[in-house]
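There are 2 protein chains.
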Amino acid sequence: MALLNYGNPIRFEFGAVKHLPEALAKLGIVRPLIATDAGLRAAGLVERIVDTLDLPEPVCIYDATPANPTEDAVTEALALYRSAGCDGVVCLGGGSPMDLGKAVALLALSGGPLDQYDPLKGGNKRVKEVAPLIAIPTTAGTGSEASMGFLISMNDGRKLTFVNPQFLPKMSLCDPELTLGLSPLTTAATGMDAITHCIEAILAPSDNPPADGIGLDGLWRGWRHLRRAVEDGSDRQARWEMMMASTEGALAFVKGLGAVHSMSHAAGRLKSLRLHHGTLNAVILPAVLRFNERACARPYVRIRQAMGLPEGADLAREIERMNAAIGLPKGLAAMGLSADLIDDMLPHAVADLSTRTNARPIGAEDYAMLFREAM
Amino acid sequence: MALLNYGNPIRFEFGAVKHLPEALAKLGIVRPLIATDAGLRAAGLVERIVDTLDLPEPVCIYDATPANPTEDAVTEALALYRSAGCDGVVCLGGGSPMDLGKAVALLALSGGPLDQYDPLKGGNKRVKEVAPLIAIPTTAGTGSEASMGFLISMNDGRKLTFVNPQFLPKMSLCDPELTLGLSPLTTAATGMDAITHCIEAILAPSDNPPADGIGLDGLWRGWRHLRRAVEDGSDRQARWEMMMASTEGALAFVKGLGAVHSMSHAAGRLKSLRLHHGTLNAVILPAVLRFNERACARPYVRIRQAMGLPEGADLAREIERMNAAIGLPKGLAAMGLSADLIDDMLPHAVADLSTRTNARPIGAEDYAMLFREAM
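As given, the protein sequences belong to chains A and B, one line each in that order.
The first sequence runs 68 to 442 under the numbering used here.
The second sequence runs 68 to 442 under the numbering used here.
Hints may contain errors.
Since the list can't tell identical chains apart, any single copy or any two copies may satisfy a pair.
Said to hold, decoys possible - Below, computed lysine-lysine pairings styled on DSSO-like, alpha-carbon distance capped at 30 angstroms:
1. Lys188 / Lys93
2. Lys195 / Lys237
3. Lys85 / Lys192
4. Lys338 / Lys397
5. Lys192 / Lys237
6. Lys338 / Lys188
7. Lys85 / Lys237
8. Lys338 / Lys93
Calculated from the structure, these hints are not laboratory results.
Whole structure, please, built from the sequences with the hints as guidance.
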């Protein structure tokens with residue numbers, strides 16, 4: 068059992084979810100809103116967990132979280148939170164319910180509209196209080212249980228990143244058991260999300276050696292166990308290691324992320340396509356690794372070492388090989404994204420928070436080239 | 068500039084010490100006790116820093132901290148703290164002023180005697196409040212600025228380790244500038260302390276992968292820069308990297324330490340000898356690495372990689388080579404410790420907190436053998 072304490076307390080073990088009643092009691096939550104999605108509800112996971120709670124009233128569940136959660140969904144969940152008199156949030160799911168739940172916890176106590184909290188426009192000064200929030204990840208990729216960020220697709224078409232220490236869950240329960248039933252494709256896509264977090268965090272130019280160390284450890288674990296977890300979803304050790312790589316990815320990206328995420332966010336906001344964030348990261352990563360290489364000689368040496376690759380190995384090529392081996396699409400075109408959308412995505416990629424921490428300065432022309440390469 | 072936030076806020080940069088007035092104001096300290104030692108006072112460092120403070124009264128300085136600080140010295144410093152009406156502590160120095168200052172901050176608000184806080188005897192329940200404390204390391208080894216522990220040589224001959232999250236400094240200022248004037252010998256001995264922290268933390272069997280990653284990063288930095296810092300004390304990059312390795316060592320040893328520290332503590336409590344903690348660690352480390360090897364196949368692979376050594380390299384031999392290259396003694400005998408003291412040290416090593424987290428179960432007979440080997 069691992070008790071991690073880097074910013075927020077994380078109980079990490081098989082069966083950790085059984086500590087939810089204790090966590091609720093500790094935070095004084097008697098009427099939680101469970102933020103989750105329809106898939107987890109249908110799979111019976113939500114009920115299984117809710118049944119373990121000994122709460123006075125029927126538990127309030129919001130299960131309509133869409134992939135890449137929208138401002139509209141946040142508004143809807145917030146209305147439910149308020150009408151039911153909730154006093155805290157339990158996020159149960161992958162990145163989408165986590166993001167949605169964090170937005171609800173913020174708006175519940177600091178008030179709307181959401182876009183006033185955009186950190187690029189001084190929004191952090193406006194964050195007052197945030198409702199207590201417990202995170203229970205059901206995928207191994209987002210790392211949101213250990214991060215102070217969340218993203219929402221706004222009604223005006225932007226995908227905004229919100230970052231504040233108060234957005235860290237007050238407590239997280241990481242239970243690899245919950246990932247045993249994930250499909251190979253979801254395992255692959257979310258796993259590559261975790262690996263991209265580790266890599267982009269290591270490459271981010273800010274000075275934070277402990278975060279570098281955590282990112283390298285996460286990459287070391289993730290790279291060795293992703294294929295195993297995809298090929299045999301019941302491999303408990305592989306599931307544990309992938310969930311740890313995911314948590315470590317988020318602990319590492321306090322340094323910032325980079326161009327892969329700017330591009331993923333710009334593509335992920337296209338509501339008609341509903342593209343999976345982890346899959347986007349996986350297929351965009353090789354192009355950005357080629358672009359960044361000249362600025363990253365030293366970290367690339369360490370990244371190769373963490374991945375167990377020979378000196379001078381072509382990192383982009385290795386990622387492409389992994390993507391193919393675990394069944395991910397070859398590029399953005401195969402995901403249904405056509406080249407005529409590039410012009411629409413460019414300004415969003417340029418304006419994205421992660422552009423500021425890419426390893427190499429990057430502008431609109433570079434992004435255009437990278438989108439074409441990732442097609 | 069690095070702003071680290073793993074447990075406590077650490078401002079890490081050349082010139083960080085200039086932020087002391089701001090740190091005092093932030094913590095509401097108007098009458099600090101400066102815990103330091105006679106060497107730093109004589110070198111003019113204490114006055115240089117005190118002169119930057121704009122405080123209403125003459126600053127209260129305790130500069131009689133002995134190496135391996137004693138309970139008596141703590142009592143004396145506490146009396147000064149109280150008589151001067153202090154409201155906080157600034158630790159300025161290596162590990163000894165840090166340990167002493169932490170003990171004073173605890174006793175000032177939670178009351179004595181000190182040994183009631185022994186964590187092996189349930190002492191943590193008795194910790195009430197701790198006075199606000201700012202740590203400013205002047206060596207790169209102890210890492211006390213980032214740790215929740217401190218050690219005191221008690222009047223009854225034991226050397227006790229106290230560990231509690233409240234013993235983390237409220238704020239730390241890591242300024243590699245302060246280490247530019249360290250002698251080659253102090254640089255070597257404290258540097259090997261940092262390296263031992265990283266290695267023993269990585270080997271400690273508790274599950275904390277982020278701490279493993281931080282320890283490996285600290286080892287990677289420390290091993291590459293120690294010789295440079297010893298050979299040219301004015302090498303600013305080497306000084307920065309060694310101080311970072313030291314901070315990372317302490318962040319890593321939340322996992323626990325091991326037999327090297329149990330033995331060092333047992334020897335360090337011998338008041339007549341006043342043995343340097345880092346030097347003890349350096350000369351004891353090879354014997355313990357040989358003893359632990361059979362329990363540590365996998366972490367040894369990663370340690371070798373972090374140190375840039377070939378597969379299967381003899382770690383113990385590499386440490387011995389480094390010790391020789393940086394001018395440290397060959398063994399305990401060369402430090403003035405005679406074999407007839409082993410029987411006296413054994414029970415202290417066995418009872419030491421770090422014995423519980425050694426990579427391989429270890430008892431009195433093992434310790435006797437290891438002390439002989441380290442002679």
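Okay, the hints, checked on the actual structure:
1. Taking the shortest Cα distances, lysine 188 and lysine 93 sit within 30 angstroms of each other only across copies (26 angstroms), while inside one copy they are farther apart (35 angstroms).
2. In the homo-oligomer, the alpha carbons of lysine 195 and lysine 237 lie at most 30 angstroms apart both inside one protomer (16 angstroms) and across protomers (23 angstroms), since each shortest distance falls under that limit.
3. Proximity of lysine 85 to lysine 192 under the C-alpha cut-off of 30 angstroms is restricted to the inter-copy arrangement: shortest distance 26 angstroms between copies versus 37 angstroms within a copy.
4. Proximity of lysine 338 to lysine 397 under the C-alpha cut-off of 30 angstroms is restricted to the intra-copy arrangement: shortest distance 22 angstroms within a copy versus 68 angstroms between copies.
5. Taking the shortest Cα distances, lysine 192 and lysine 237 sit within 30 angstroms of each other both inside one copy (20 angstroms) and across copies (23 angstroms).
6. Taking the shortest Cα distances, lysine 338 and lysine 188 sit within 30 angstroms of each other inside one copy (24 angstroms), while across copies they are farther apart (60 angstroms).
7. Taking identical chains as interchangeable, the C-alpha atoms of lysine 85 and lysine 237 lie at most 30 angstroms apart only when both belong to the same chain, with a minimum of 17 angstroms there against 34 angstroms between chains.
8. Taking the shortest alpha-carbon separations for lysine 338 and lysine 93, neither the intra-copy value of 39 angstroms nor the inter-copy value of 46 angstroms comes in at or below 30 angstroms.
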